[in-house]
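Trainee: Model the full assembly from the supplied sequences, consistent with the hints where possible.
Chains as they are written, first to last, in our numbering: chain A, 7 to 290; chain B, 7 to 290; chain C, 7 to 290.
Check the hints yourself; a few may be wrong.
No copy is singled out in the list; a pair is fine if it fits within one copy or between any two copies.
[What the hints assert, rightly or not] Computed cross-link-like contacts, SDA-like style, restricted to lysine to any residue with a CA-CA straight-line distance of at most 25 Å: (1) K77 to F290; (2) K77 to G263; (3) K77 to Y258; (4) K77 to G12; (5) K77 to A18; (6) K77 to G261; (7) K77 to Y131.
To be clear, the hints were calculated from the coordinates, so they are not data collected in a lab.
Listed here are the chains, written in short residue letters.
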Amino acid sequence: GNGRMGVVYDGADWEFSSRARVVFTLSGTTDGGLEFGGSFRADQAGDGATGAWGADTGNAGSVYISGAFGKISMGDVASAPEALFGDLASVGYMGDSQGTANGGTNNIPYLTLDDGTQSALLYTYSAGAFSVAASMSDGIGEDLGSGGDDQVYAVAGAYTFGNYTVGLGYEVIDWDAAGVDNTTQLELAAVATFGNTDVKAYYADQQDGIIDAAFGISAATTFGATTVAGYVQQIDAIGGGDVTWYGIGVDYDLGGGAVLSGAIQDDDVTGSDPTANFGVRFSF
Amino acid sequence: GNGRMGVVYDGADWEFSSRARVVFTLSGTTDGGLEFGGSFRADQAGDGATGAWGADTGNAGSVYISGAFGKISMGDVASAPEALFGDLASVGYMGDSQGTANGGTNNIPYLTLDDGTQSALLYTYSAGAFSVAASMSDGIGEDLGSGGDDQVYAVAGAYTFGNYTVGLGYEVIDWDAAGVDNTTQLELAAVATFGNTDVKAYYADQQDGIIDAAFGISAATTFGATTVAGYVQQIDAIGGGDVTWYGIGVDYDLGGGAVLSGAIQDDDVTGSDPTANFGVRFSF
Amino acid sequence: GNGRMGVVYDGADWEFSSRARVVFTLSGTTDGGLEFGGSFRADQAGDGATGAWGADTGNAGSVYISGAFGKISMGDVASAPEALFGDLASVGYMGDSQGTANGGTNNIPYLTLDDGTQSALLYTYSAGAFSVAASMSDGIGEDLGSGGDDQVYAVAGAYTFGNYTVGLGYEVIDWDAAGVDNTTQLELAAVATFGNTDVKAYYADQQDGIIDAAFGISAATTFGATTVAGYVQQIDAIGGGDVTWYGIGVDYDLGGGAVLSGAIQDDDVTGSDPTANFGVRFSF
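Mentor: As structure tokens, then:
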């Protein structure tokens, strides 16, 4: 499980914010050597009365089976590119639970399966320096706003050489409505490690969607018990209205699973104040 | 806990379907040797905010105390006949989560306590070859559709000789509305084991309800790691409109708690297509 | 975890009532010797879909960090005086889940943080015979009925000498609405142990609220496996309309975590019948 407690400045007031979570991890092995398992949090278990959401319904947490053929996961899985590249460096004890006043966080704006409530399939496979992944929604009435039965697909690949990894991802929303072009997004991502410093950068090019492009970079450096991390991202909206946002944070490891952590995040939207948080993260 | 992942054909489309569950099992013993305990799933824990449903409220999961006098269970218990006879053989990796296009599954249509959201009491007692059970709802505003304070009762008995068990059950819904006759259902059930084959059959005769009778039979044979199972049931509605439905499935045990499983189910309702599922069940 | 099962008389009917609960307890220690942790029940985990309530959102369960400076807790914490004085002696297998026909229980009517759904901070510190506590709500839109952004604060202190503890608490609701006086409540509490008998008494004086005063006393005596407990409380409403209520109960310890328990509770409201319950409490 994990927990956190601290104070949050939302641009107007300081407030307390805390939480506690328990994670269930299940695993087994078949006689033939296939590994299988699943994982979800107690608050994701679902509501057996309504079956509207949860690990019990397959749109929270996930299950998997893996072997020489790779790993097949089902449930609330990430899209193929997010599975390979992840997000930018997290800042503050609230992580991506607190963003800027307009909602920007360290999360990379992937096109598909990024809201954590869809049931989908993810396939990943690694062979030496190469990793590939594919993902798709489950076909059960995915209504992404069009009122229809939309589907999402994505593929991604990554190549690692020494301390460098580069990757490419491609995501598609296949809108159900007639005469509407598929929205697609191509992502280029790079990760590098220089001594105690990790750097991650991406560029995303969207077609037939609501933005032109998004790009960002983050860096995190650790010296002793202290880690300093920062990120900056920009979204170029169609027809102007670009937004840049960033965050910077400091972690201090208290040992035993407790980390003191603070961050400031802001964006360049007119009239938007910075946000901040300072507290302790626990892992048990 | 347990989990599953696979593909489901609902008569129109193939879709993915997965889930993960954790089961809590609690037990203890008094100084005098009485055993007590309880069990519920994480998704059945309930919502402490509303208290509308869940093990916390007593209408999901159950608790029990047992001794020489038998076993008293409270919560979301089965009716007396279901406690002794169970349901027909399950087919497919989805079990009774997927039925035919009109909802038929391997579940026997017991009259009472069969929807899993009622709080009730179940008493069971075994002595040698004889088993008896009694169940009743808890009296807390059970509205089964009449808009009133309906009550349900049931008794059942079973006798086992060698590889054969025969049993009788009787269930009553005591409608609160004035001038409405109690709905009753009498069930006759038989279970037999022939080598590696299990057979179960039942006949249910309803009075003052919406059906005349229901009957069904299932068989399951295991050879090595493979189990083949099938069931067929029929409901005779009052004034005609009978429905027959059936399912056939194959399980292949992968060992370690993983079972590959597939099934086809269908009914004879006009215009209704077969359904199917194929996937893996996990138990942890 | 814990559970219970039994029968309840609500003043009109006897009904069954049962429940089962699981408690998650998390803890750790930093390299510097600070202790941290958290606790919540499975039914308090929260609903990850809505984030409306739960340990995941910080208004159920709690997290803490403690050291030589005292203990800081966040989440669904008690008010400062409740943290030091608790409630009167509990009666019956239902505890405070069943009260009199008008809702009176063994709970002391603290002014703040007593409904179990607010996110707040609690600080406690003990040095020798002295204990102090302070609590406040988290500033996140606490609407206590005024439609505004109300805040609550409380402080309390206790002094223990031999088998006696006396304490003082002071609670404030700072209503957000303009021109409305803060509601305050001063509490005096005393706890004494005489051999196998525990006695607790309090007097609460409210200003600018809906009552004038509240007071009560409870006693619990244990002889062998049997404990007899009782409480009586009174609320003096502004402009008359005083209510007195009481409860008496007997527990019999079966060992192994099971306790047989029954109680009767009643109030002096005209036309109100006594309530009762009898059953078994389990702790696992």
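Trainee: Give me the numbers of the hints this structure contradicts, sorted from smallest to largest.
Mentor: 5
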